[in-house]
Amino acid sequence: MSTIYRLLRPSIKATSPSPFLCTSSSHTYAQTQAHTSDILIARLRHTQIVPDRLLGLKMKAMTEKRYALLLAARDSDYVKKVYGGYFNVFVAAFGEDGERWDLYRVVDGEFPDRDELHKYDGFVISGSPFDAYGNDYWILKLCLLLQTLDAMDKKMLGVCFGHQVLCRALGGKVRKAYTGWDIGLRKVKIVKDLFPCGYLNEMDDIPPALSIIECHQDEVWEVPTGAEVIAFSEKTGVEMFAVGDRILGIQGHPEYTKDILFNLIDRLLNNDCIEKGFAEDAKFALEMAEPDRKCWERICRNFLKGR
1 MSTIYRLLRP
11 SIKATSPSPF
21 LCTSSSHTYA
31 QTQAHTSDIL
41 IARLRHTQIV
51 PDRLLGLKMK
61 AMTEKRYALL
71 LAARDSDYVK
81 KVYGGYFNVF
91 VAAFGEDGER
101 WDLYRVVDGE
111 FPDRDELHKY
121 DGFVISGSPF
131 DAYGNDYWIL
141 KLCLLLQTLD
151 AMDKKMLGVC
161 FGHQVLCRAL
171 GGKVRKAYTG
181 WDIGLRKVKI
191 VKDLFPCGYL
201 NEMDDIPPAL
211 SIIECHQDEV
221 WEVPTGAEVI
231 AFSEKTGVEM
241 FAVGDRILGI
251 QGHPEYTKDI
261 LFNLIDRLLN
271 NDCIEKGFAE
281 DAKFALEMAE
291 PDRKCWERIC
301 RNFLKGR
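Under the UniProt record's numbering, the sequence shown has 235 at position 235, and the numbering climbs by one with no breaks.
For the record, the hints were derived by calculation from the structure and aren't laboratory data.
One thing to keep in mind: the hints can contain errors.
Cβ-Cβ distance ranges computed for the label pairs, FRET-style [what the hints assert, rightly or not]: (1) Lys173 with Lys294: 31 to 37 Å; (2) Cys273 with Pro207: 28 to 34 Å; (3) Lys176 with Ser76: 20 to 26 Å; (4) Lys176 with Lys141: 19 to 25 Å; (5) Lys141 with Lys276: 33 to 39 Å; (6) Gly277 with Leu117: 43 to 49 Å.
Derived lysine-lysine pairs resembling BS3-like cross-links, with alpha carbons at most 30 Å apart [claimed, not checked]: (7) Lys119 with Lys258; (8) Lys80 with Lys258; (9) Lys176 with Lys65.
The C-beta atom is built at its ideal place from N, Cα and C for all residues, glycine as well.
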């Protein structure tokens, strides 16, 4: 299936050649990155090198949906080998044809420029091995970015760490989970018929409880002012929270596949983060059931696309 998902990093943008590079000595468009599309199209018209169909590029750029993944974790060797990185995992789960997705590795200090924020239709904040309540510089900078996006009324979807750091940035409270690690499949009970959450109300076929992959030892203790708890489980009181139809936090991993979690369990065990018996129990339970990935993907897509 043909897609136009593109990976753009802030450090690459300044030096990447323009897709409209002309080899003519009179026009070197690779050096005109800062020019607007109007100027570019005018020059292309003048040279009469580019077909007329390219004159519609400006309109296409204005109408295509554009999203950014704020990646708060470094790619594991397994995910890089099998999927090409977490970026591809997220785009496969939440993306659709005709969209543009950009990657910012916030864990490594890569953030979108402030004057670029208005160009995005939505932002996804990933999971992370870091604590959302930590004071690492990049986490504090991420909180500031999320507050800025909130003031701009941008759509934001937080997953696991992203769910927690969204809560923190908006004034909620995040700490260690009262009951310790939650790893494996978890049945999450969804609260329906919430007026601001049209992306749930339109999905009449969603069962009252959905299975989702979980891997966390922190949790939301208090949601921000104005937020609604829209899902909970026996293990975690705030499995999902929402602020109207523009902010959604999910404690679980709707983007994860079972093999990703199996590998993550092995890494946690090898790093002495969990006990062997706990790891074996989590794997056994994971083998016996499947997450409701399609339902979770629909929820996330409907939220991001405003459906």
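Now the hints, each set against the structure:
no.	hint	result
1	Lys173 with Lys294: 31 to 37 Å	33 Å, holds
2	Cys273 with Pro207: 28 to 34 Å	32 Å, holds
3	Lys176 with Ser76: 20 to 26 Å	23 Å, holds
4	Lys176 with Lys141: 19 to 25 Å	23 Å, holds
5	Lys141 with Lys276: 33 to 39 Å	38 Å, holds
6	Gly277 with Leu117: 43 to 49 Å	47 Å, holds
7	Lys119 with Lys258	34 Å, violated
8	Lys80 with Lys258	16 Å, holds
9	Lys176 with Lys65	36 Å, violated
In summary, the numbered hints that this structure violates are 7 and 9.
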